[in-house]
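Residue numbers (the numbering used here), protein chains in the order written: chain A, 1 to 329; chain B, 1 to 214; chain C, 1 to 718.
Everything labelled a hint here was simulated from the structure, so no lab data went into it. Take the hints with a grain of salt, since some may be wrong.
[Stated by the list, open to error] Which residues of chain C face chain A? A partial, calculated answer using Cβ under 8 Å:
#: 1; residue: 59
#: 2; residue: 213
#: 3; residue: 217
#: 4; residue: 221
#: 5; residue: 584
#: 6; residue: 648
Every residue gets a Cβ at the ideal spot worked out from N, C-alpha and C, and that includes glycine.
Below, each chain spelled out in residue letters.
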Amino acid sequence: MKAFEYVNPADVKGAISALTAGGRDAKLLAGGIDLLGELKEYIRTPDVVVNLKSVPGLNKIESDAKSGLRIGALVTLTDLVENPIIRQKYSALSDAALSVGTPQIRNVGTIGGNLCQRPRCWYYRDEEVVCLKKGGNKCYAIEGENQYHAILGGGPSFIVHPSDCAPALMALGASVEIAGPKGTRVVPLDKFFVLPADNIFNENVLLSNEVVTHVIVPVPAAGSKSHYMKIRHKESFDWALAGAAVSLVMAGNTVKDCRVVLSGVAPIPWRSKEAENVLKGRAITAEVAAQAGAAAVAKAKPMAKNQYKVPLTQNTVKLAVLHAAGVAA
Amino acid sequence: MIDEKQVRHRPPEDGVSRRDFLKGVGGSITATAVLATGAEENAEAAKVMPALGQRLKGTVRVSLNINGEVKTAEVEPRTTLLNTLRDHLDLTGAKKICDRGSCGGCTVIVDGRTAYSCMMLAVDAQGKKITTVEGLGSPEHMSPVQEAFVEHDALMCGFCTPGFVVSCSALLAKNPNPSLQQVKAACSGNICRCGTYPRVFEACLAAAKKMKGA
Amino acid sequence: MPGWKKRSEMRILGKDTPRLDGPIKATGRAKYAYDINLPGLLQSRILRSPHANAIIESIDVIAARSMPGVKAVIITANAGDEMKFAGQEVGAVAATTMERAEDAIRAIKVKYRVQPHVVWPELAMKPGAPKVHNDGNVPKPNKRETGDVDAAFSKAKFTSKGTYTVAVRTHASLETHGVTCRWDDDTHLTCWASTQGVFSVRDELAGTFKLKPEDVHVITEVMGGGFGSKFGAGYEGVMCARLAKEAKAPVKLLLTREEEQLAVGNAPSASATYTLAANEEGKIIACDVKGYSCGGIARENFPMPFIYDVGAVRSEQGVVFTNTGGSRAWRAPGHTQASFLMEAAMDDLATEMGIDPLELRLKNDKHPLRQAQFKEGARLIGWERRNPKPGLGALAGAGRFRRGLGCGGAIWYPGGQGGSQCKVTINRQGEALVEIGVQDIGTGTRTICAMIVAEELGIPLSKVKTNIGKSTLGYGVASGGSVTTPSTAPAVKRAAESAKAALLALAAPKIGANTDELDADDGKVFVKSDRSKSMSFADACKLAPTGGIVGNGRFEGTPQRPDPLQQAGVAGAQFAEVEVDTETGRVNVIKVVALQDAGIILNPLTFTSQVNGAVIQGIGMALYEDRHMCQLTGRMVNANLEEYKLPGPMEMPEFVSIPFENPTATGVTGVGEPPVIPTAAAIRNAVLNASGARVNEAPMTPALILGALAEARRRANA
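Just chain A, same shape as in the assembly:
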């Protein structure tokens, strides 16, 4: 890690002004699991690190029967896992939070950090490799070791978004509250993440002097069910090879509304409208779920070493839909 100046702002405003003053040489630190990894690898070498944890009040989960959940950015993943309301009503989020990393990571890692974490791509994380995302002129995954890279939404960079909570929250229709120099804005997660084609350097719309302060999750409609399924190579600490967050609004036996959001397969949490369209208005059966899976990967463009992700994602969507609906596979 390069030496840096450490700033403890008293409030969100202070954090924003410290970030503004630091410009691109300043970085925001919450739990630190992701940022310290980047600093240790010299992927980022900020002169100033702004500690969001010194801002009081951002570590609360507020729930309201009308407005839903308002989760402070500093709420840890363990806090989410242990929250009974989230377990009961927002199960995809609970599943997702539990699937992150390890107990030690969940105890320290925050929801804000989980949404804003940087890619795990092994070229991005290698200081010696100057890839597109670091100002270079190529994405090494295209010709290189691409077994964990994107099959959907890729190009010019083929990272996959590492967050498990983001697809779950997106399936639950969540937004983030962002504080910046000009005030606060609320951005639906659907619009928060951006593809590399639109911004090669950042995976979301956050500016370097903006701070995600809260996550807002609306009350699920009556008849809602949700689930997040993460398929990983090993169960003890691993990233998603493929994952699917599914939320269903059921009217009797049929799907009134739904969202299907994929993880581990695209540079952003990947909303699959194709899969959603298959499910809407249908009763969930193994066959319908399989059709949704097939639709989710219809436009997949695998590379040399990640072709397995196509059938894997297809099956994951199928299994996640069945699990969410409570139908046996």
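Add chains B and C to chain A, keeping to what the hints say.
This is chains B and C only, laid out in the frame that chain A set:
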């Protein structure tokens, strides 16, 4: 081979898209100029200040509550809790194995929950209650978990052992009656290379039984 | 020369005994090389080439030398030197803190002229590939032919052919390589080393610095894993001592995890195409095999064919060099790979023949002990439940999760290596001290030494102290090849016998008997024919002179002159039950039964831990571990413990570890290597049996399994 034409350089805009950057958002441009003058660093580093207050740089004195004692160390803001424990306080029970938060060798308990001390800055650990493996027991007075590890041979080379002891102890403090599956999950952030896992599970379950009986 | 007691007569040996260093390890008080903190200690780091192949043009250390806290900068590479892999050493620095040492290596400016590289063996073998060594990448292969292979093939009833591959694995020892060094004066060096061989480190440092071996004091009280990669002082050990000399201060130099993954050894990859032929009766009559291994810039082989009697053999074995870190001995060198390749070929032949693969093994395995182990293992795993055809049967079922069974066998040869010198001292307080330089690498050597002495002297284990892991003590072997116990235990036993004899001689006049009529056991010295004539062990010890009674013992066995207290050559067999998720390609290992001969087992508790640990490393090999090299950048993309996937707690099956010894065994042997050999093969064959997925590569990732399942479906539909 790495393309040598791509000299290592900083991305044109870090975290700010080109479009937004050109729109001239906030202080990004002025800030660069301000930091370019950051020359007073060496003068600043000469004095050691307590690691309190709004801005910390150079060498700072951290004050940490470890195993019930207040300990101070002169570190930098970038110094991890793990390096502080090991290199400044001679608390070498927590091990540096991966130094990236993926092996559990450096696990400590921070305010009742386990944490990787390699992924936490010492300045951030101030004001928290930290327990290391040394705080759980000594060779002469081992905790029930430590005793069970020895009795069940839940250690071979022993390098991962402190981390597993801490993870199991934190589990039992919260859940005195865990299932095998819960023990596995509680240890899932710890790696053992010699391959002692089954005996760690045995030891943790045996310790739970013993603690209930006590 | 007395042998080991009968098991029924053992009081301490042969009983589950918690290791003596357990309490210091479980409480974080054990001091590894990495934990040694000394007054004025400096931290250090090594600078390495980021390029897989490059010529150094210039090195500029001026900035680094003038940085705050930097105490020594030593560059070992010169302009013009060729760096042959990403991770090769350039130099090292020492500074007051870890952070400053890191700042300093980053301030060293090295200019490289980058050359074309090759990091994949299949590309390195091609004509025109960049040359790793001057004489090329593919040395002349070893060819051998026994019997008339062509004739045997022409009359074969069944043949089966397959190409099988095992990926490179890293040792991934949790304590990285390294040492802490302190110069006591200009000619005396103390070195706390994370090593498997205190004497090999001593000799390397003494040679490098032109010191007398006895003036280099290497200490390894505990060490955090080596698995075959930690024998010498290595670059890191030598540089630590050099930095300490230059800085005139003690220095600690332990590698980072990335360096550990890149530069200090790995298990070479192996690939082989096996063609096996069998006759009507199921006897294998011919084997044609062509294979190669790749250990980066280093060379290593593996046995092929492996363990079975396969009739006429034509084999061609080569090695390939690449621009990657060199291989080193990795727990049972070559044998884990050999087993996977051969056992996979055996199951594929059995499938081709339509017979039970266990039956094929029993018909073609001449080893009588392994025959018995295979039969007992089959009983313990419930082999009768096995699916009669791959993927088809009651055990597999028809759902998403399919279960199956597989097996594999193993052999391991080394026994004791001569030279061990042990000293046992009995003091006047009735305590014994056992001293031998040998290190305990986590296998329980320290505990076994104390157990042997307690058994021989007939005193409780708590009365025996140990002093081991120091080069100032009597010679002990390096811990590799499973030789530690067979080399050490006999010397310890003889030292204890000798001390006991001296004690009995002192006690004899007091008891009123001849020395040879006496024995010691159960805290007493007594007349063998009349136990009422006795005195307490403690009282006998009071007769000793001030310095106590000293006994010395040696072990001088050689393969030509074997020592009956040790055993060479052990057999093993393992069975695995797995569950394959046909939707995701994930494999769960449900249960592993490991039957292992280990001669007379001194401590069953640590024996079982070693067998469990070997099986777990086998699971890693079968399913997870793979050093990924990128040909585009020439760099290892997973030089960490996040993407280099080691099995964790959630991946653990049920373990059944059975000591299955040769009934005629009279000696002891080591068990570090043998049980790691067959696990991956048993899992591979169980995956085949469960699902019909014929996966010919280790690790068997979800990608490979999904591919093999699709292939199996295509075959079934064809």
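Verification of the supplied hints:
no.	hint	result
1	59	18 Å, violated
2	213	40 Å, violated
3	217	35 Å, violated
4	221	29 Å, violated
5	584	5 Å, holds
6	648	3 Å, holds
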